[in-house]
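There are 2 protein chains.
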Amino acid sequence: MRQTIRRYSSRPVSESLLQSLLEEAARAQTMGNLQLYSVVVTRDAEMKQQLAPFHFNQPMVTNAPVVLTFCADYHRTTEWALQRKGHPGYGNFLSYQNAATDALLFCQRFCDLAESLGLGMCFLGTTVYKPLEIIRLLRLPKLVMPVATLTLGWPDEHPAPTDRLPATAYVHQETYAPVTPETIDRDFAAREALPENQEFVRINHTETLAQIFTDIRYSAADCEAFSAELLQALRRQGFLE
Amino acid sequence: MRQTIRRYSSRPVSESLLQSLLEEAARAQTMGNLQLYSVVVTRDAEMKQQLAPFHFNQPMVTNAPVVLTFCADYHRTTEWALQRKGHPGYGNFLSYQNAATDALLFCQRFCDLAESLGLGMCFLGTTVYKPLEIIRLLRLPKLVMPVATLTLGWPDEHPAPTDRLPATAYVHQETYAPVTPETIDRDFAAREALPENQEFVRINHTETLAQIFTDIRYSAADCEAFSAELLQALRRQGFLE
Chain A
0 MRQTIRRYSS RPVSESLLQS LLEEAARAQT MGNLQLYSVV VTRDAEMKQQ
50 LAPFHFNQPM VTNAPVVLTF CADYHRTTEW ALQRKGHPGY GNFLSYQNAA
100 TDALLFCQRF CDLAESLGLG MCFLGTTVYK PLEIIRLLRL PKLVMPVATL
150 TLGWPDEHPA PTDRLPATAY VHQETYAPVT PETIDRDFAA REALPENQEF
200 VRINHTETLA QIFTDIRYSA ADCEAFSAEL LQALRRQGFL E
Chain B
0 MRQTIRRYSS RPVSESLLQS LLEEAARAQT MGNLQLYSVV VTRDAEMKQQ
50 LAPFHFNQPM VTNAPVVLTF CADYHRTTEW ALQRKGHPGY GNFLSYQNAA
100 TDALLFCQRF CDLAESLGLG MCFLGTTVYK PLEIIRLLRL PKLVMPVATL
150 TLGWPDEHPA PTDRLPATAY VHQETYAPVT PETIDRDFAA REALPENQEF
200 VRINHTETLA QIFTDIRYSA ADCEAFSAEL LQALRRQGFL E
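Residue numbers (numbering that gives the first Met the number 0), protein chains in the order written: chain A, 0 to 240; chain B, 0 to 240.
To be clear, the hints were calculated from the coordinates, so they are not data collected in a lab. Note that this is a predicted model, so its numbers are computed, not measured. One thing to keep in mind: the hints can contain errors.
As the list claims (entries may be wrong) - A few chain A positions that, by computed beta-carbon distances, are all more than 10 Å from chain B:
| no. | residue |
| --- | --- |
| 1 | 9 |
| 2 | 48 |
| 3 | 62 |
| 4 | 64 |
| 5 | 117 |
| 6 | 157 |
| 7 | 175 |
| 8 | 197 |
| 9 | 202 |
Stated by the list, open to error - Partner residues are not named here, just some residues of chain B that face chain A (Cβ under 7 Å, in silico):
| no. | residue |
| --- | --- |
| 10 | 18 |
| 11 | 43 |
| 12 | 84 |
| 13 | 127 |
| 14 | 131 |
| 15 | 169 |
Think of the CB as a built atom: it goes at the ideal place given N, C-alpha and C, for glycine as much as any other residue.
With the hints as constraints, model all of the structure from the sequences given.
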């Protein structure tokens with residue numbers, strides 16, 4: 000069963016293996032076969048050092064043999080069209096949505112393929128928190144936007160799988176079933192009762208597990224501040240014109 | 000090698016198989032283990048008929064045994080927090096981005112698992128073109144936004160795989176390598192030379208392959224019109240407050 004891997008052995012990830020996985024991942028669904036994505040491979044230690052603060056100095060960025068930054072990319076397609084007498088018009092939000100979708104499907108297919116060979120990875124959601132810095136460091140041109148980062152290597156740990164909500168929480172038949180106090184209790188009770196989550200509440204000095212997320216980890220103030228930077232980055236990259 | 004499947008046999012997709020695939024897909028990476036997604040399962044013939052026009056009447060919607068609409072979902076998490084004395088603040092763009100990411104990773108992992116069992120599917124990118132109608136039909140509450148649709152069934156066709164660009168087009172080492180007329184020729188020549196693409200140009204009465212995309216299929220005017228509806232839907236669902 001898959002699990003996030005944050006510690007990696009010293010065994011290298013060969014360039015030929017990485018290339019073949021990326022090529023196979025590119026079989027993922029893509030809009031009009033345009034492959035509206037790019038991936039930037041970071042192996043250089045100095046580059047990892049520079050990238051780390053934009054991911055809040057999570058140690059995997061410098062410790063993993065490979066860091067992959069997946070980008071929504073309409074730049075290549077636009078340049079192709081300009082070279083071929085086309086009239087590209089992708090400086091808009093729909094085009095960002097389509098390219099981000101392509102990039103995330105490509106990224107997850109890469110994860111599934113890499114894990115099937117025993118590689119381990121950690122998905123860094125922080126990519127969209129400091130996009131302007133990542134854009135500068137990786138020299139991403141207009142119409143290229145980082146949307147996901149993976150740290151990748153051979154596992155040096157075997158963590159137990161974390162829990163998941165029961166399917167009743169997220170699978171709806173025909174229409175969206177209303178969320179009520181009763182369905183909340185039904186779907187969250189097991190998670191809230193886990194000893195590790197009760198300990199998590201204790202050390203965070205909150206009354207409930209939910210408060211750790213809404214009041215500490217993903218607070219409204221933080222979400223609003225990071226939203227502003229994310230929208231600024233989309234504007235800078237030309238996706239909100 | 001995977002390929003989009005648009006024709007399905009009469010063999011049913013059992014509910015127990017679908018449930019087990021969705022539960023295994025939920026092992027995908029998810030932000031803070033919050034599982035910021037939902038999926039609406041459409042099996043009812045009448046619902047498929049109503050859904051079809053929002054996907055531009057692509058015949059797979061009514062012909063497939065199952066249609067799955069994957070949604071970015073902060074509603075359930077918000078309701079949970081409100082029931083548990085939390086202070087959720089997810090009516091912002093960053094939160095949409097995070098939930099859409101969770102939903103798309105979940106969707107692609109589902110695809111990889113379903114394909115490994117021989118199921119076939121078609122990914123409908125049209126989901127974000129008519130979101131307001133889909134929201135109404137599936138009764139999606141605030142902070143729930145449809146981001147992807149799959150039609151699913153056992154294959155009744157075995158199409159040849161479509162081409163993909165060479166990895167040089169989308170894999171960059173350390174920094175984004177500039178796109179130039181030379182790299183365009185290097186990366187697009189094989190695609191442009193394919194007999195089926197030359198035929199595609201002929202029947203579309205364009206001069207180049209790129210023009211089919213920029214001038215006909217994904218024109219600037221269409222992208223801008225659909226962008227406006229997509230942003231309106233995000234506003235209506237409370238993600239741009």
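Comparing the hints with the structure gives:
Distance to chain B confirms residue 9 of chain A as a non-interface residue, since its nearest Cβ pair spans about 21 Å, more than 10 Å. Residue placement check: residue 48 of chain A keeps its beta carbon more than 10 Å from all beta carbons of chain B (closest about 13 Å). A cut-off of 10 Å between C-beta atoms confirms that residue 62 of chain A is not in contact with chain B; the least separation is 18 Å. Distance check for residue 64 of chain A against chain B: the nearest CB is about 14 Å away, which clears 10 Å, and the non-interface claim stands.
Interface exclusion of residue 117 of chain A from chain B stands, the closest Cβ pair being 16 Å apart, more than 10 Å. Residue-level check passed: residue 157 of chain A sits 15 Å from the nearest beta carbon of chain B, beyond 10 Å. For residue 175 of chain A, the condition that its CB be more than 10 Å from all CB atoms of chain B is violated, with the nearest at approximately 5 Å. A cut-off of 10 Å between C-beta atoms confirms that residue 197 of chain A is not in contact with chain B; the least separation is 14 Å.
The Cβ of residue 202 of chain A sits about 16 Å from the closest Cβ of chain B, beyond the 10 Å cut-off, so the non-interface label holds. With 7 Å as the threshold, the beta carbon of residue 18 of chain B comes within range of chain A, its nearest partner Cβ sitting at about 6 Å, so the hint holds. Interface hint at residue 43 of chain B: satisfied, since its Cβ lies 6 Å from the closest Cβ of chain A, which is below the 7 Å cut-off. Contact between residue 84 of chain B and chain A, as hinted, is supported at the beta carbon level, the nearest pair being about 6 Å apart and thus within 7 Å.
Taken as an interface hint, residue 127 of chain B checks out: its beta carbon lies about 5 Å from the nearest beta carbon of chain A, inside 7 Å. Interface hint at residue 131 of chain B: violated, since its Cβ lies 14 Å from the closest Cβ of chain A, which is beyond the 7 Å cut-off. Given hint, residue 169 of chain B at the interface with chain A, holds; its Cβ is 5 Å from that chain's nearest Cβ, closer than 7 Å.
In this structure, the earlier hints numbered 7, 14 are contradicted, and the remaining ones agree with it.
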